[in-house]
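Undergrad: The primary structure of each chain is shown beneath.
4 protein chains.
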Amino acid sequence: MNKIVLAYSGGLDTSVAIPWLKDKGYDVVAAVLDVGQAGKNLSEIQQKALNVGAVESYVVDGKDEFAKDFVGPVIQANALYEGKYPLVSALSRPLIIKKLVEIAHETGAKAIAHGSTGKGNDQVRFETAIHALDPSLAIEAPIRDFHWSREEEIDYAKDHNVPVPIGKKSPYSIDDNLWGRANEAGILENPWNEAPEDAFALTAAVEETPDEADVLELTFKKGLPVAINGQEKSLVTIIEELNVLAGKHGIGRIDKIENRLVGIKSREIYEAPAAAVIMTAHKDLEDLTLERDLAHFKPVIEAKITELYYNGLYFSPLFDASMAFIEKSQEVVNGVVKMKLFKGQATAIARQSESNSLYDENLATYTDADSFDQVSAAGFIKLWSLPTTVFEQVNHIHD
Amino acid sequence: MNKIVLAYSGGLDTSVAIPWLKDKGYDVVAAVLDVGQAGKNLSEIQQKALNVGAVESYVVDGKDEFAKDFVGPVIQANALYEGKYPLVSALSRPLIIKKLVEIAHETGAKAIAHGSTGKGNDQVRFETAIHALDPSLAIEAPIRDFHWSREEEIDYAKDHNVPVPIGKKSPYSIDDNLWGRANEAGILENPWNEAPEDAFALTAAVEETPDEADVLELTFKKGLPVAINGQEKSLVTIIEELNVLAGKHGIGRIDKIENRLVGIKSREIYEAPAAAVIMTAHKDLEDLTLERDLAHFKPVIEAKITELYYNGLYFSPLFDASMAFIEKSQEVVNGVVKMKLFKGQATAIARQSESNSLYDENLATYTDADSFDQVSAAGFIKLWSLPTTVFEQVNHIHD
Amino acid sequence: MNKIVLAYSGGLDTSVAIPWLKDKGYDVVAAVLDVGQAGKNLSEIQQKALNVGAVESYVVDGKDEFAKDFVGPVIQANALYEGKYPLVSALSRPLIIKKLVEIAHETGAKAIAHGSTGKGNDQVRFETAIHALDPSLAIEAPIRDFHWSREEEIDYAKDHNVPVPIGKKSPYSIDDNLWGRANEAGILENPWNEAPEDAFALTAAVEETPDEADVLELTFKKGLPVAINGQEKSLVTIIEELNVLAGKHGIGRIDKIENRLVGIKSREIYEAPAAAVIMTAHKDLEDLTLERDLAHFKPVIEAKITELYYNGLYFSPLFDASMAFIEKSQEVVNGVVKMKLFKGQATAIARQSESNSLYDENLATYTDADSFDQVSAAGFIKLWSLPTTVFEQVNHIHD
Amino acid sequence: MNKIVLAYSGGLDTSVAIPWLKDKGYDVVAAVLDVGQAGKNLSEIQQKALNVGAVESYVVDGKDEFAKDFVGPVIQANALYEGKYPLVSALSRPLIIKKLVEIAHETGAKAIAHGSTGKGNDQVRFETAIHALDPSLAIEAPIRDFHWSREEEIDYAKDHNVPVPIGKKSPYSIDDNLWGRANEAGILENPWNEAPEDAFALTAAVEETPDEADVLELTFKKGLPVAINGQEKSLVTIIEELNVLAGKHGIGRIDKIENRLVGIKSREIYEAPAAAVIMTAHKDLEDLTLERDLAHFKPVIEAKITELYYNGLYFSPLFDASMAFIEKSQEVVNGVVKMKLFKGQATAIARQSESNSLYDENLATYTDADSFDQVSAAGFIKLWSLPTTVFEQVNHIHD
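Chains as they are written, first to last, in the numbering used here: chain A, 1 to 399; chain B, 400 to 798; chain C, 799 to 1197; chain D, 1198 to 1596.
Warning: the hint list may mix true and false statements.
Claimed, not checked - The following label-pair restraints were derived from C-beta to C-beta distances:
(1) 999/C x 1368/D: 43 to 51 angstroms
(2) 957/C x 156/A: 46 to 54 angstroms
(3) 859/C x 633/B: 47 to 55 angstroms
(4) 1427/D x 1195/C: 35 to 43 angstroms
Calculated directly from the structure, the hints in this document are not laboratory data.
No experiment lies behind these values; they were computed from the predicted model shown.
For every residue, glycine included, the Cβ atom is placed at its ideal position computed from N, Cα and C.
Pulled out of the complex, with its shape left as it was, chain A reads as follows (with noise of 0.2 angstroms):
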């Protein structure tokens, strides 16, 4: 019989889709990745698939892999969609379907399911990544095909023994991992609306922020963290501590009205906060280690690693050459930034790096110690403004 593996969370939508493939005739096989959602039981989740029909259930161990090789180029490259959003639920997408394929490779199944709707970008981002690494792969999209109403979906998973979860549901549609938490729908929908408290769950509220702020040293190499206050942990260590001290102040909050690679706009609530955190002390370091030019127009590769992420093109040549670039730029972001957590804000206070500042004070310097030719200047300019200073002599727009 023909063999798929679903791509499964534990939640209804995906538990519903086993009973819906096997009626498509599909022999189920549910993998869920952890990549460090909050809250989670990943046993438990990996028993319920097979309580409601799947023939195998996988837990992988994502973590270390997605902080390494998805999170760490986010971090190199700045990489914020749209000046703000770090890719919480962008990255994720291309590490499920990678171990998806390496399942389906190595229980002979011949099909990927996954649990998108037709309106979002993860759509885009799973069968994007399912072409790229093996496009002999089938994909089924049933959450996309159910066009059912709520009630006819909850009548769908009575009937087929599938628990529905009891109470209210939640308004909101949340995906979380270990770089942030993305929460859409319900009374965000309305761009007026001020997002309210339990739309948040990473993060306290600036008014329920501690009154003492804390400080701490970021180290980094190579454009990556790998010390806090000195002591060297791993990449997830470093995400997972900061993700609770930089909640506990408040800290990477976004609210933004979002442009969709399905050519909507939708409204989205993120929290991020050691991403806000090690961004900010990132981008500072690189301000004190990065040449001028090379930091003018790293931003151009930025956007487009950022824009590549967001629409499902982690696996593609320019990916790798943009990748290629950031890397070399990063050999000698190599220091320690002082952050300030307090209020809401992660903040840059002081920057060190013994073996890659450019910042010369010598150069800088107003007092006497002053090394800088100052007498170049004159005839810098002279050559600066020749090209427009000939310009208005010729066409006289400004004078």
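With chain A held as given, fit chains B, C and D onto it using these hints.
TA: Relative to the frame of chain A, chains B, C and D by itself:
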């Protein structure tokens, strides 16, 4: 005799420049431009120039022109140098020169003098503007040419009846205008030193801010703020009021290592409370009203405008062409943003645009009101991923 | 009954579409737009539509509007898709739709039909334009929906009294207008096959071109050609004359592997003789009249405009904003370029601009007339190289 | 005594520089680098330096390194300054300095001298490279400092036993190497003068070219040419052979008004026959083998690399990071391009890539072999056009 127009500030440097220029054979016409500098008595400054030897002395009101022609584009173009600095000092330089050239033409002066040192950006901004507006004008840069120690300058001042400020000199080098305040030098020259509280003047420390937020509605027309809480005000007034209100909440502090045009890195402390509020609100409203492709490309133009401002190329055909793009883009940026000012942060918490919102709740919703055609998605994804699919089939980089 | 406006070409495909649309319950209004297609009798085509079942049939003259609003921006923006293709077919699609929507509004039609297949770019260009201009109009794409073999189509044609061309079908798929001619399919589908001579219609093989060059002077105003050898002519006339003259010299052949928007690579043969002459001359005049920084940044905008044209996004706010930039840039592109047409090449051999040349012989010269301040250079170089100098001193990458 | 290494060419200017540097107290070490200059007897030049006063004189073979490290990136990056100029002179400068710095270190010299004037790009390229490779080295630029008329220079030469070339001085200023030849000055200084035949040396006038085309197959590996007609050759040999063959066909003439880094426009005549053939073929092969998104973004990196070369920033971290991108992109640029050389043009007439062609005839074909899913197109278009559709529905700009 040969007249020269001096960009006069009232400080020791430009005061000493007056006898120095007289020694070089000039009749000095002093001119100070009101661009909203804090706490300066401009008519006293006007008189002081005459006291120390100027033959004529002018105060020119430039605040409205400054707001309209120099700050306005910064708002519309989300212009933040190196992602952080709202270009405070870079904005006043071309306007100062514009006014000085006018005075030169009116008074028959054949030269312009400015008080910049030889290692900053301002000398470039001043001189590039002079070359653009009237390349026949000679340029004097006395401070760049002094080569004096502090003691020598004071001795020269005393010899020439220039009043020397009593007491310890401020350790900082400061420039300010309506749009904000820049501070450098002194203890700030070590990037590992945290900026002390006496480095700030417009903003409260977050520790000292009110425990009650201020929430206000900012209305934009064509990308520019026109009203606070529904009350129409001039751009100058809006900025002045927000500087006070947001300053009280500790909003708008910036601490950065910056790449100067002259090739060195410097450490700068900026305060720009109104800028932080207005620019955050503006960007938020753009998220609601700009079409996606335009929104994603506009940052390329924004970066160019920012660079041109910073590098002293305001009077240039590239600036004009880039602003033609920006102005076209801003025709639809109309609406209201609700801003919360609290504990050092200006946050957009809600936004609406009656006439130009592209957010369509019926497309975005997860409720039954959904009008999005989910079936289109499958076809979209197939073509979207076709190039990378074929690439992987041929090259097997990731599979 | 329900009216539909059909973009009619007179060929078999769109002729068969008429009875097919009638079968679907439409009254078909045929419309053919004159955009300078070669060798077509448009009134015969108009009649043919009626013969095969259209209820109304229109020929619309679009040549001047095509030249002014669609070709003009291509010239000013040096728009060459993937560096080579002057966008011939991409230009006519949005204009055709504009006219069809007008006819729909006049005739009360509620739908538009186009004759594109499902694997080309033109379907996207047609439908995106329809959505932009009137999203309430329904869209029919009969050729995309036929799923017929060639034999089935001919049978259907015979059954419905649609005349079938006698003799062997051309092996090529051709589209042409004032700005050039596109050819694909047949033997060209193998990129290793050299394009045979019968693939070309507007240009002579270089082997057959005259042994005497033609030299002409092309005058531009605001970036558009306005005269040949001093004689003012309309843009349409200039293009038509140059197509003949440059075609005789074998100029304007393009053979390229192209990335289509729908995700596949195709092999295309283009001929665009006038485009080759005009665009070469235009670029050459820009080299003389555009200020350096503008000249170096303009290609970024050019690439965007080219992409928008190619991808069917002419009616978009990004196109409009980008053209605002381009138009501003072209104000100074006035002058004359001397072009030599010979043996397949259009070469700019001399150029002048009385009012806007930025070439200053006294600055450029190596004679004694030199007015360039060579002393400035040393200072310029010092500051120019300061960032990389410091970088190497710290990091020792290259030394 | 203080040693200085002089970049020696054997011409009058750098010969006169030797006694001039001696007068300044230097021991002059002359060094000439072989980068494939045409028709020069380098050992005679080596001897001449000693004759006019150098204490040591070296000829350094740099051709292979020049081809590999300087020309190779130009090919892979399609680097054409301002869309036309393949960077001939810009490429040799950093290599010359690299070798001169090595000689300085070996001979204990503390200074380097170059023969550039004060108004060209080469002085910047020389000095920026010196600053990058060893900022402790002093720099002398005698020609920039001479301020001599031609007569004064000749008198100085005669006084110091420097042989003065007999007969009329060439009206042109020429630089050449393996990659091509640059020519400026004289009658060329008027852009309205057509370049006379005596301005060219490597290429025949089209009027004088053979009436028979040459057709050859150029094989590329990782974006670099490795064989002609299947015969493997070194990059140096391929360039040398193509310079002769393509030069005979009049290929590679460039006539352009150029924006120099020092702020002036100049008129330049270049010849680069091999470059025209190789770069045309390379681009054509990229069209076949590069994935679309990569192909469309790569020009951004290409423009940056070109600019860095031209502006003397080869030794910079931005160059290195950009080349990391390029090298990654070139891994799949393997295949063969059939080039026709005829009447001044190098044309790609066929191309194939056994291992990396992304052209899929079954996707592209209009025959029954079609494997493209045309049904997907309708869905694609709907989402593709959704942002502009909503924009028009709200804003009615075009409807």
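Undergrad: Decide, hint by hint, whether the structure agrees.
TA: Taking the hints in turn, this is what the structure says about them:
| no. | hint | verdict |
| --- | --- | --- |
| 1 | 999/C x 1368/D: 43 to 51 angstroms | holds, 46 angstroms |
| 2 | 957/C x 156/A: 46 to 54 angstroms | holds, 47 angstroms |
| 3 | 859/C x 633/B: 47 to 55 angstroms | holds, 51 angstroms |
| 4 | 1427/D x 1195/C: 35 to 43 angstroms | holds, 39 angstroms |
Of the numbered hints given earlier, the model fails none.
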